[in-house]
Amino acid sequence: MSNSLLCCRSATLKSFVIRALAVLACVGLAGAAFGQQPALVRLSRSFHPRFFLSYSPDGSHLVYSQHHANRRASQQVLMSLRIMKADGSDDRPLLAAYDRDVQIQQHAVWSPDGKRLALSGGGNDTGNAALDVFLCDMNNFHASNLRKLVKGGGVVGEHPGWSPDGKQLVMTNITGSGLWIIDADGKNRRSLIQPGGNYTRFPAWSPDGKRIAFASDRDGNSDIYWIRPDGSELTRVTNHPSIDSHPRWSPDGQWLAFVSYRDGNSDIWLCRPDGQGLRNLTAHAAHDAQPAWSPDGKHLAFVSDRDGGFDIYRLTVPADLAAQAARLPERRPAGPVTSKKRPDGLVCHFNFDQGVGNKLMDRAGPNHGDLMGARWVKRGAGHALSFNGASDYVTCGLDPALHLTGPLTITVWVNLNEKPHNHYVVCKHGWNIYVGPDFVPRFETRSAADKEWNTLAAAKPIKSKAWTRIAAVFDPAAKEMRIHVDGTLSARKPRSDNAIAAVAGYPLELGRYGPGKSQHLHGMIDEVRIFSRALSPEMLGNSYENERQQLFAKE
Amino acid sequence: MLSWGEFAGRDCQRLTRRSLLQVGACSALGLNWADWLRANPYGGQRPGRCRAVILLWLWGGPSHHETFDPKPDAVAAVRGPFRPIATRTTGLRVCELLPELARMSDRYAVIRSMRHDQRDHNVAGTIALTGNVAGAKASGGIPFPGTVRPSMGSLVSRFQTVRRSDWPPFVTVGPVCKVSGENLRGQTAGVLGPARDPFRIDDYTAEHGFRLPDTFRLAPGLTAERLADRRRLVARLDAVRRGLDASDQRLDGYYAQALDLVTSPRARQALDLGSETPRLRDRYGRTYFGQACILARRLVQAGVPFIQVNYSGDAEDEQQGGDGGWDLHYRLFERMQDRYCPIFDRALTGLLLDLQERGLLDSTMVIAMGEFGRSPQISSSAGREHWPGVYSAVLAGGGIRGGQVHGSSDRLGGEPAERPVHPAGLIATVLEAMGANRVQLNEMGLSLEADALTGLF
Chain A
1 MSNSLLCCRS ATLKSFVIRA LAVLACVGLA GAAFGQQPAL VRLSRSFHPR FFLSYSPDGS
61 HLVYSQHHAN RRASQQVLMS LRIMKADGSD DRPLLAAYDR DVQIQQHAVW SPDGKRLALS
121 GGGNDTGNAA LDVFLCDMNN FHASNLRKLV KGGGVVGEHP GWSPDGKQLV MTNITGSGLW
181 IIDADGKNRR SLIQPGGNYT RFPAWSPDGK RIAFASDRDG NSDIYWIRPD GSELTRVTNH
241 PSIDSHPRWS PDGQWLAFVS YRDGNSDIWL CRPDGQGLRN LTAHAAHDAQ PAWSPDGKHL
301 AFVSDRDGGF DIYRLTVPAD LAAQAARLPE RRPAGPVTSK KRPDGLVCHF NFDQGVGNKL
361 MDRAGPNHGD LMGARWVKRG AGHALSFNGA SDYVTCGLDP ALHLTGPLTI TVWVNLNEKP
421 HNHYVVCKHG WNIYVGPDFV PRFETRSAAD KEWNTLAAAK PIKSKAWTRI AAVFDPAAKE
481 MRIHVDGTLS ARKPRSDNAI AAVAGYPLEL GRYGPGKSQH LHGMIDEVRI FSRALSPEML
541 GNSYENERQQ LFAKE
Chain B
1 MLSWGEFAGR DCQRLTRRSL LQVGACSALG LNWADWLRAN PYGGQRPGRC RAVILLWLWG
61 GPSHHETFDP KPDAVAAVRG PFRPIATRTT GLRVCELLPE LARMSDRYAV IRSMRHDQRD
121 HNVAGTIALT GNVAGAKASG GIPFPGTVRP SMGSLVSRFQ TVRRSDWPPF VTVGPVCKVS
181 GENLRGQTAG VLGPARDPFR IDDYTAEHGF RLPDTFRLAP GLTAERLADR RRLVARLDAV
241 RRGLDASDQR LDGYYAQALD LVTSPRARQA LDLGSETPRL RDRYGRTYFG QACILARRLV
301 QAGVPFIQVN YSGDAEDEQQ GGDGGWDLHY RLFERMQDRY CPIFDRALTG LLLDLQERGL
361 LDSTMVIAMG EFGRSPQISS SAGREHWPGV YSAVLAGGGI RGGQVHGSSD RLGGEPAERP
421 VHPAGLIATV LEAMGANRVQ LNEMGLSLEA DALTGLF
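For the protein sequence lines, the chains are A and B, in the order given.
Quick note on my numbering: the first sequence kicks off at 1 and runs consecutively.
Quick note on my numbering: the second sequence kicks off at 1 and runs consecutively.
Among the hints, a few may not be true.
If you want the ones that stay clear, here's a sample from chain B, every Cβ over 10 Å from chain A, calculated [stated by the list, open to error]:
id, residue
1, 49
2, 77
3, 85
4, 115
5, 117
6, 144
7, 146
8, 164
9, 272
10, 301
11, 380
12, 382
13, 404
14, 418
15, 419
Derived SDA-like pairs (lysine to any residue); straight-line CA-CA distance at most 20 Å [stated by the list, open to error]:
id, chain 1, residue 1, chain 2, residue 2
16, B, 71, A, 241
17, A, 298, A, 41
18, A, 148, A, 183
19, A, 517, B, 381
20, A, 359, B, 377
21, A, 517, A, 298
22, B, 71, A, 517
23, A, 359, B, 72
24, A, 167, A, 251
25, B, 71, B, 412
26, A, 517, B, 77
Treat the hints as calculated values from the structure; they're not laboratory data.
Because the structure is a prediction, the values reported are computed rather than measured.
Backbone N, C-alpha and C define an ideal beta-carbon position, used for all residues, glycine too.
If we strip away everything but chain A, and leave its shape as in the complex, we get:
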């Protein structure tokens, strides 16, 4: 690096050669063959920090956001939306008429028909941290009628992404940890994936409308995922300790462009939707980020500070991609290892006996938990986890094997302190066990039509500050729900529908109500088992006795 400063002449010569080659490539004299650095064109030169690029559907223009440093007076735009032609010319503000009211203008994405832009907007010096989704109309590449997607004081989300038919938008919100879908008329907002981790951003709908890619740290660090628009098949595309973020689908849906630090700094990478075919497109020591595909799939625009500023560049996508896609037919993506189906139907088992560290190990599958404040406590020769009733919980995995909408059995040992609120013990989207302030255990499942909760309460309260085993069973064959306390059937309830409405993207959590991030358990949990079948009362009686002997032997 220091040498580079000393060798200006040679560097300048090198820079000239690189740029000359780029120009040659642009006029078609140089192709971007496999293994070569893609041809590159610098589109902007004013050094202002730029972010969030989006091509118009006809490929003729780019919109982007520009940050204005050192603007502290009121009524001045701080992150403004701008538009330029795809060759970098005719760069101009797009929403200047709205700068006084909407001082943050970012995350703009063009609707598929080119008639609207969706963006995250906010500001107005209110001290308000909330952004919200805005729409504006586009006519001849001029914007008008900037308005909130949903009028009123509520915030629906930010970071919008259009469905390919233009009828829906996917978005995240300020928590940055979940995704929602909303109709383009601002109605019918629904959860796509429950908040998980700390960093779920950059949702992007695939061109065929069948998948939504995003970045999330729900498994520990920032990786690329996709999920079906109905909330099923949450799939981890990349799995690398470095940052992977900002995914964008190629127009043919065959590739995802994304940002990755896996080579030591921020570069633009490509991979197939199953994680295959990884390729570093920029491979440069500079900070390369914010990729956006041209609609014809031949170019990727991105932001880079390789020439000092955060300027916009355009690279020509390697010509061999189509051939490579053909060589790499999509397979099941490389994601978390799916638990093997066990004959006893056990899909998840926490025995809590490692007693140290920040992980709760799943003995039956890959759904290891992250301790979020919960403490290990000694229990004889083994351990349990203690929860403070206010903020502690454990967030576990969401392996497809845990996406249980049919037969289900949950067993768990609890030792609870008195608290005037519900203690959520085991919770996944669609089903849970909790103990009310009356100390009566309850088993909840969501109706198949996703209209209501079916709640089954045990016949009587359990004791506080004493170990009790609770078992809950959803038995579609018997058309009933059952709840057992200390190995004895306590209550049962008919259930006419034969399925649970559950969304796959929600992780299993211990010690709180996950969707609400609330109703924390105060006390201890030990020995959790989850089965993908309905265990009979006899089996649960036997298993209770076995566990009791083992657990009390611990003490």
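Fit chain B to the given chain A structure using the hints.
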């Protein structure tokens, strides 16, 4: 605008040399440059081994987790989505958002155990810049007892023995720091008097670079040569007036120095970033902060002993109506990845390399710090809250041994685990390096309640 004979002085509306040579307000208190110079005789002790200090003031409070003190073994709600990467220094890992700084960790030291006890920006900022909470005031709050202590730069300037520049000895590049509309206390000289307040350069555009404040620019049609002629005229007037105005007897030299800054090509050359090669300007990053760091280096070359570069004027990021400070309560990870860390990584790397290649790093101490760090627990808004309990500062050059870590934080980055450092200790370290006389400081009632970190040298 340089005002020359355009208005009367304050003393009974008569024409004085002050009104003849009003060079404009050079401090927040409206004192002119000549006032500044008059009260700044550069009397003091012998210089230390360090000849200049550049303070990169990261106003708003950078997250230590996402910069120099990542916690990969903490739970997800603490460690966040980014991972640490190895550096050139054995045992030192920094966040992957700082790849260039990771590769040159042998040039700097990290203090991972900075701490104090104030969570408000303005109060914490006063502590960080002065080493003392006296006189600090939270926005809308009641001031702490006592008088605000002098800023670090003012203390350094007070103890300079030799004037090496036409520039004042304490220059701040960037806007006045504030939050919620109230100025941070401790940016100025306090009891040392406004004469040791920073000279501020806050006029920057990407297109034109940095410029002197309007009050220091020559009026249209008034060239430096014409100004010099007038200067000689005023000198003759002075000789006549001296008997009538004894208090002004020492002013000649000060006004001359004021004019030096306006008229001296050498002094003004420091502002001319266009004389740098484009490649070097690229190296720092063509951002406001990057270019401000180049100016800081040029001011060091011009002989300025203390330069403070403010990353922003407002502590808060733009989502709160600020101008891009490090106060990332919301969407911290997205912003740190997209903007803050790339800008900082590039600018600090460029500055350290440039200083080294010019042979200036040994005599120039560079400090990068904010007023506090960020909370271990990630908030429900994907951000981190204020956290003075422990945070990091980076020191390089000026005799600091690179490739070392001083102190450590606990497993969550919430408290110092060993060797806690109060900001007063860091300021004491700077003063010691600059050869300040602690005895004299104590006699002035400005004692710092901490010892210098001599182990860093």
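A quick look at each hint next to the structure:
1. The beta carbon of residue 49/B is kept farther than 10 Å from every beta carbon of chain A, the shortest such distance being approximately 23 Å.
2. Not every Cβ of chain A is farther than 10 Å from the Cβ of residue 77/B; the closest lies at roughly 5 Å, contradicting the non-interface assignment.
3. Chain A draws residue 85/B into its interface by the beta-carbon criterion, the shortest separation being 8 Å against a cut-off of 10 Å.
4. Here residue 115/B stays apart from chain A, with its beta-carbon at least about 23 Å from theirs, past the 10 Å limit.
5. Here residue 117/B stays apart from chain A, with its beta-carbon at least about 23 Å from theirs, past the 10 Å limit.
6. The non-interface label for residue 144/B is consistent with chain A: the shortest C-beta to C-beta separation is roughly 24 Å, beyond 10 Å.
7. Residue-level check passed: residue 146/B sits 29 Å from the nearest beta carbon of chain A, beyond 10 Å.
8. In this structure residue 164/B is separated from chain A by more than 10 Å, as the shortest Cβ-Cβ distance comes to about 25 Å.
9. Under the 10 Å C-beta cut-off, the non-interface status given to residue 272/B relative to chain A holds; the minimum distance is some 17 Å.
10. Residue 301/B, annotated as away from the interface, keeps every beta carbon of chain A farther than 10 Å; the closest lies near 16 Å.
11. Look at residue 380/B: its CB is around 5 Å from the nearest CB on chain A, not clear of 10 Å, so calling it non-interface is violated.
12. Not every C-beta of chain A lies more than 10 Å from that of residue 382/B, the closest at about 3 Å, which undercuts listing it as non-interface.
13. Interface exclusion of residue 404/B from chain A stands, the closest Cβ pair being 21 Å apart, more than 10 Å.
14. Remark: the non-interface label on residue 418/B is consistent with the geometry, its nearest Cβ contact in chain A lying 22 Å away (cut-off 10 Å).
15. With a closest Cβ-Cβ approach of about 26 Å to chain A, residue 419/B is found to remain outside the 10 Å limit, as its non-interface label requires.
16. For the hint pairing residue 71/B with residue 241/A, the CA-to-CA distance comes to about 14 Å; that is within 20 Å, so the pair holds.
17. With a CA separation close to 13 Å, the supplied pair residue 298/A and residue 41/A stays within the 20 Å bound.
18. Distance hint between residue 148/A and residue 183/A is fulfilled; the C-alpha atoms sit about 13 Å from each other, no more than 20 Å.
19. Using a Cα cut-off of 20 Å, the hinted pair residue 517/A and residue 381/B holds, with the two alpha carbons roughly 13 Å apart.
20. A C-alpha spacing of about 17 Å is found between residue 359/A and residue 377/B, which places the hinted pair at or below 20 Å, so the restraint holds.
21. Between the alpha carbons of residue 517/A and residue 298/A the distance comes to roughly 44 Å, so the proposed pair goes past 20 Å and is violated.
22. Between residue 71/B and residue 517/A the CA atoms are separated by roughly 24 Å; this puts the pair beyond 20 Å, and the hint is violated.
23. Using a Cα cut-off of 20 Å, the hinted pair residue 359/A and residue 72/B holds, with the two alpha carbons roughly 13 Å apart.
24. Distance hint between residue 167/A and residue 251/A is fulfilled; the C-alpha atoms sit about 18 Å from each other, no more than 20 Å.
25. About 6 Å separates the Cα atoms of residue 71/B and residue 412/B, which keeps this hinted pair within 20 Å; it holds.
26. A threshold of 20 Å between alpha carbons decides the hint, and for residue 517/A with residue 77/B the separation of about 13 Å falls inside it, so the pair holds.
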